[in-house]
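A.B. asks: Sequence:
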Amino acid sequence: MLKEISVQQYLDEYKGHKKDYVLVFHAEWCPACKMFKQTLDEVAQKENVEVIRLNIDHDPDKKLVSEFGVSSIPFWVMFKNGEKVFESLGFLPVDAFTQKIKTYLK
1 MLKEISVQQY LDEYKGHKKD YVLVFHAEWC PACKMFKQTL DEVAQKENVE VIRLNIDHDP
61 DKKLVSEFGV SSIPFWVMFK NGEKVFESLG FLPVDAFTQK IKTYLK
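With UniProt numbering applied, the sequence shown covers 1 to 106.
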């Protein structure tokens, strides 16, 4: 499942919870983020993994951007049982992203 969330939703529903998910920082004006969304849609459905997107422009005080050290986008972090297991920067095609999911979340 792919969904867009707010900073508050992330803090309430994900941070500190023992869930498996991918957190993706993006922005509407970012061309690579738009391309990556297609990959995220496909892989989330195919691999039955929860992918959440957070628009950096909706993080007014940049709380999560600072916490995760986001310097460029798309920036994504994989969590297994609520613990960060992998992070990366940039767009990946479907096959490469699927492999990361299988390596770190399955």
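A portion of the hints provided could be inaccurate.
[To be verified] Straight-line C-alpha distance at most 25 Å; calculated BS3-like pairs for lysine-lysine: (1) K34 x K18; (2) K62 x K37; (3) K106 x K3; (4) K106 x K19; (5) K3 x K37; (6) K80 x K3; (7) K37 x K100; (8) K62 x K102; (9) K102 x K46; (10) K63 x K102; (11) K18 x K100; (12) K106 x K80; (13) K63 x K15; (14) K18 x K102; (15) K80 x K102; (16) K62 x K84; (17) K84 x K100; (18) K34 x K3; (19) K62 x K15; (20) K15 x K3; (21) K80 x K100; (22) K102 x K3; (23) K46 x K106; (24) K80 x K19; (25) K19 x K3; (26) K15 x K100; (27) K106 x K62; (28) K15 x K106; (29) K46 x K63; (30) K18 x K62; (31) K19 x K37; (32) K102 x K34; (33) K63 x K34; (34) K46 x K80; (35) K106 x K18; (36) K80 x K37; (37) K106 x K63; (38) K15 x K102.
Simulated from the structure, these hints should not be mistaken for laboratory data.
A.B. asks: Return the numbers of the hints above that this structure violates; sort them in rising order.
C.D. replies: 1, 8, 10, 27, 29 and 37
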